[in-house]
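With the hints as a guide, bring the two chains together.
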Amino acid sequence: MEVNDFMSVVDWSRAQFAMTAIYHWLFVPLTLGLGFIIAFMETIYYKTGDEFWKRTTKFWMRLFGINFAIGVATGIILEFEFGTNWSNYSHFVGDIFGAPLAIEGIMAFFMESTFIAIMFFGWNKVSKGFHLAATWLTAIGANLSALWILVANAWMQYPAGTAFSVETARNEMTSFWDVLLSPVAIDKFLHTTTSGYVLASVFVVGVSAWFLLRRRDRRMARCSMVIASVFGLVSAVFLAFTGDSSGVDIARTQPMKLAAMEAHYDGEHGAPLVAFGILRPEAGRTNNDDAFYWKIQIPKLLSVMSFHDADAFVPGINDLLDGNPEQGILSTREKIDRGRVAIGELAVYRDAKQRGDTAAMQAVIGKFDASTAEGRTFLDEYYRYFGYGYLSSPGQTVPDVPLVFYSFRVMVGAGIYFIALFAVLLVLLYRRTIEHRRWLLWVTLWSIPLAYIASQAGWIVAEVGRQPWVVQNLLPTVAAVSRIDAGSVMVTFFIFVALFTTLLIAEVMIMTRQIRIGPDKPEKK
Amino acid sequence: MSGHNPIYRVYRFYADGFRSMTLGRTLWGLILLKLFIMFAVLRLFFFPDILGQFKTEEAKSDHVLEQLTDIQP
Chain A
1367 MEVNDFMSVV DWSRAQFAMT AIYHWLFVPL TLGLGFIIAF METIYYKTGD
1417 EFWKRTTKFW MRLFGINFAI GVATGIILEF EFGTNWSNYS HFVGDIFGAP
1467 LAIEGIMAFF MESTFIAIMF FGWNKVSKGF HLAATWLTAI GANLSALWIL
1517 VANAWMQYPA GTAFSVETAR NEMTSFWDVL LSPVAIDKFL HTTTSGYVLA
1567 SVFVVGVSAW FLLRRRDRRM ARCSMVIASV FGLVSAVFLA FTGDSSGVDI
1617 ARTQPMKLAA MEAHYDGEHG APLVAFGILR PEAGRTNNDD AFYWKIQIPK
1667 LLSVMSFHDA DAFVPGINDL LDGNPEQGIL STREKIDRGR VAIGELAVYR
1717 DAKQRGDTAA MQAVIGKFDA STAEGRTFLD EYYRYFGYGY LSSPGQTVPD
1767 VPLVFYSFRV MVGAGIYFIA LFAVLLVLLY RRTIEHRRWL LWVTLWSIPL
1817 AYIASQAGWI VAEVGRQPWV VQNLLPTVAA VSRIDAGSVM VTFFIFVALF
1867 TTLLIAEVMI MTRQIRIGPD KPEKK
Chain B
3 MSGHNPIYRV YRFYADGFRS MTLGRTLWGL ILLKLFIMFA VLRLFFFPDI
53 LGQFKTEEAK SDHVLEQLTD IQP
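Protein chains in written order, with the numbering used here: chain A, 1367 to 1891; chain B, 3 to 75.
These are calculated hints, taken from the structure and not from any lab test.
Everything numeric in this text was worked out from a predicted model, so none of it was measured.
For every residue, glycine included, the Cβ atom is placed at its ideal position computed from N, Cα and C.
Below, a list of computed lysine-lysine pairs in the BS3-like style, where the Cα atoms sit at most 27 angstroms apart: (1) A/Lys1887 to A/Lys1424; (2) A/Lys1494 to A/Lys1424; (3) A/Lys1413 to A/Lys1887; (4) A/Lys1719 to B/Lys57; (5) A/Lys1424 to B/Lys36; (6) A/Lys1424 to A/Lys1413.
Covered stretches of chain A (in silico footprint by chain B; criterion: 3 or more residues with CB under 8 angstroms from a CB of chain B, positions within the stretch not fixed): (7) 1486-1498; (8) 1707-1718.
Bound-form chain B, shown alone (with noise of 0.2 angstroms):
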């Protein structure tokens, strides 16, 4: 591919970027490692979507509306 290319320059930019890293290397792996412990347990085991069980906006509603008006103090 040609290096006028702009899309061509932008990978090579952030590929040679990427490539020269030293201490960059250790910090992505942080991160790396963090966002699949966020993702891949903490939310897929451990954090389900209460609301995401309702198939509609209504359904939702009429939950809630069931919640905030079945508390007795």
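Bound conformation, chain A alone (with noise of 0.2 angstroms):
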């Protein structure tokens, strides 16, 4: 079967994964830092027992509980998708990702939906301390759910603690800790789950502008701001580290990825940052010199964000793509070519599972065998090459150059837009003139779509920028998919589109609703 049969099923089903994890993920940050700024705020309240801060904590807990009914399970859809347009990957990555997800639904249902009851039906029935536990439990357990989520997606971006097994035909567990506690996979819960604590905080301090805008229940708007603002900056800075970190992990496990982030064509020592530039066309990008029309650059710091190091060398698109002997860097056509040899196995151990012949099977077995040293090397030297033996050109490795180097950019640039309005409000807030600066309040309110736009730009980052792999240099997408219909997964492209959009209309709908009608009034004595 020719690979260009497969690609309009591909197509369909990147795009509708794409779109399914886009719209999932408009819920889920919000999720996750709003939890915690509730759970700062309930705090407060159990500590002081103003009853003005149980009811500042009951209004966001409403907003958090719109949220989380509207988002939950959206992200089943996901898993729907793996086991029908997705079933060969489903199958190759084996219980790497069955454990994580299976944690995952345990502990989600469990911990969530036990202490959300507790949260919500909670007040006046529980004791103050026991409904505080079990607030904190949720926020925690939203971000635990998060973990083995982004542990499976870490995993894919860069395969650690895992065996190929030729029997099987599917990747199996050989070290639990190594799948959890990979450098990928720390840096990316950190990451990922930091993003929804600044998108969090940006809500709250938005929603609370508003109220200040309208001279509204002033004084739950200013005191919601200071806690979100605190944490917004807190996790704002964080960001910065993570992605840094996050930075040095593509440098070594993704350089393609990297390299695309950064349109950067021709390696060198020393390689100069691009801070902003505007992209020639496709056709036109062959070097470093004429990749853009015009760019500002800064000399060395993307040597320094890659390795640490402000002479070490980047790798450039072409370095990977033609290789690069002097670096170590081999060629893609060399690693395409290594691949067949990988995959040419595989199929010498179907023939021969088809003949019954057991001698010839046990050859393939013992070479993917890491436990020999004829093993070590087929791995190291063809099976880690396994999924370019699926691509037709070297071309095919590039992701969308403009789509990443763009995505990277308005991420990066609004994190650093996010420090900045964060400690400009808790300057004005701490002088009390907060309410006088009409204009920041109305910036503050507009920047909460702008930490949506981040968020997704950044995971665009992370997914575009990976392409073709599903799975890093083992699965590209071409083989991954299931050999379905085209035609059916474009139906469910179009279902989805119209239940996620009317999700997200009712979503802002009923949140806009009870945002105007705010919080409880205080009782009267």
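See below:
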């Protein structure tokens, strides 16, 4: 079967997965961060006994509940898609994906559903301390759920702690801890969840700004703004650090993604970072000099960011495609040839199994056996390029450079802006002059959509940047997809667009109505 | 049932909580509608488990092996 036969199935399956993930990620980050903000507020209520803090907590808890209810289970559709559109992938990743997702499902169900019920139903029915514990555990539970999903995603970017079994045609976990604690998994978890904290903080300061603009519930708005600004500022600074360590991971494990993020065509020592630039069309981009119409560069910064060394060599797209023997980089053509050798061995095993030729089967199994010298050599020289064998040309390993390049700058630019925004808000809150700066309140309110855009841009960098790989170097999308009718995938794509858009509209309508209603009024004594 | 029975108390906790919901009723309606569309419509009619048609793990593995070695770039 020809690769081109699958292209429309691949494209529609990718579009459907991307659309589902984008919508799912509109709901998740607010839950991750708002849970902690509510927990901080309720802790103050617990400590002071001031009913104002109870009303403030309950107001934000209501918005948390709306977001949670509408967002919950939207991620399950991704699992439907794994089973139908990406069945080869589902089998290939084996228990690596199954174990974290199973833990996530159990944990999410027991922790979140139990403690959320106490959070919403438990006011005046359980003790203040128990209620506070339930609120904290809801926030922690949501973040632990995210941990398992992100561990699974990180494994796809950096497949550690596993071995491929020829007999089962799947990867099997050799070390749970290597999967859980791989540097990519740690950085991905910290970076992604922290981005959720920043988004939730922007949401809270933005909604609070609306109250101040309307001159309503001003104490609640100011106090909420203080908590969210402190939480947001700390999170945004931490986000910059985790972004830095993620950059080091990418340089080591996904050099093509890094090159695409920077539109970096020719590798060099002491590589500069393009702070911003306008890219030329694809046909005109062949080297570092002609890639941009114009650009602003910071000398050596890309080398520093990638390897924490100002003179380090950062390979470019051309080095990765054509190879660079001086730097020990194989050409993509060579990787394709080696990948085909590995796939060929798998075909030998398949044929031997059909013939019942046990000796030939054992010979292939031996080549994939990491406990022997022969196996280690084969795995290192051939199997590590397994996925390249499905590609028809080296150019297929280059992701969409402009999309990744601009998305990265939107994400980073917004991150820097949020640090400044939280800092300025804190200064003005401290001086008690925030309400006089109405233009800033408008800017703060309109920063809410920017937080969502930045959050989505981050995922675009991570996921579009690693194309064509579903599992880095081992499985491209074309081999991961099921041999199904593209038409049915297209139909469900549009059903999902309608379903998710309806949910999003419902969320915005219910949320804005509840914001307009505002917090409960103090009870008259 | 005695009000001191822990199971009864948990039951009452949830029952009273659901009964006193206001905004929550709308949200639960949305959740149930969403779950119905997802599981009773989409899952049933549009998302068959491709590998679920194979009875054994070995048959699944053979199928995927066939798929992974069948593609000609």
